[in-house]
Amino acid sequence: MENDANGVHFSHMRTAIKLAKYALDHGETPVACIFVHSPTNKIVAYGLNDTNNSLSGIAHAEFIGIDQIKAKFGVDRLLDVFKDLVLYVTVEPCIMCASALKQLGIQKVIFGCGNERFGGNGTILSINKDDSTRSPSGLVYESFPGIFRKEAVMLLRYFYVKENDHAPTPRNKSDRNLDTETFPDMEWSKYVERSQFAQEFGSQYLEIFDCNQDLPQFSTVDCDLIDNPCDDIINYLETQINSFHLDNIHKKIKLAK
21 MENDANGVHF SHMRTAIKLA KYALDHGETP VACIFVHSPT NKIVAYGLND
71 TNNSLSGIAH AEFIGIDQIK AKFGVDRLLD VFKDLVLYVT VEPCIMCASA
121 LKQLGIQKVI FGCGNERFGG NGTILSINKD DSTRSPSGLV YESFPGIFRK
171 EAVMLLRYFY VKENDHAPTP RNKSDRNLDT ETFPDMEWSK YVERSQFAQE
221 FGSQYLEIFD CNQDLPQFST VDCDLIDNPC DDIINYLETQ INSFHLDNIH
271 KKIKLAK
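Position in the sequence shown (first residue = 1) + 20 = the numbering used here.
Wrong hints could be hidden among the right ones.
To be verified - Once the Cα atoms are required to be at most 30 Å apart in a straight line, the calculated DSSO-like pairs of lysine-lysine come out as:
no., residue 1, residue 2
1, K170, K149
2, K128, K62
3, K182, K90
4, K210, K149
5, K103, K182
These aren't lab readings, by the way, just hints derived from the structure by calculation. None of these values were measured; they are calculated from a predicted model.
Build out the structure end to end from the sequences listed, making use of the hints.
The structure is reproduced here in structure tokens:
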């Protein structure tokens, strides 16, 4: 990818997609996320949907990650931590999660595909940039879609053609066919301004914004990414988050000054 930001987004969203695949393989809705400390580019926390296992409608991936951050840094430090965090999540945060992220002061959200029923970052409501809730600083947060979008869609389709024994009223899905060819248009203007898009991804891609196309890196589905098992992803993420210590980072910053 042509600039550093795109390369970072590619790497971290690839990790989130692997975690979503892990969720799918273990009977969960395949939505997952990681929280990244932007000054160091280190993973701080992760989450995957736990609604089936917990039988709780609010056990969304973002809240699982937020609970990890609370446990690691304490409630009193949440706002200080969140101002430097970027969330990578496979599906657009719902209205509930979008509001929570805004109130915690998240720096930025990068997501894969839109949430056509409950999207809170542009598809249904734009909680991240409206006046319905306030962040601690009074600022809004930017949210960019489209990274591994088709892979995120395919994981959801895999889930919705499978039987879900945890559903309140399980449905017979034997007549459902898996669509691997058609995808909704990438309507960039729902989520970002043209100038924001150019700043984040590069002005050379503005024609893609104007034509509602996918970025060239994501025009085709990476089948290996969503078809192969990802059972090692949890150990990888646990190693990453256990190696991150915010106090050490702050000490280095103070010494540098």
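Results for each hint:
1. K170 to K149: holds, 25 Å
2. K128 to K62: holds, 15 Å
3. K182 to K90: violated, 34 Å
4. K210 to K149: holds, 12 Å
5. K103 to K182: violated, 39 Å
Hint compliance for this structure: hints 3 and 5 are not met, and every other hint is.
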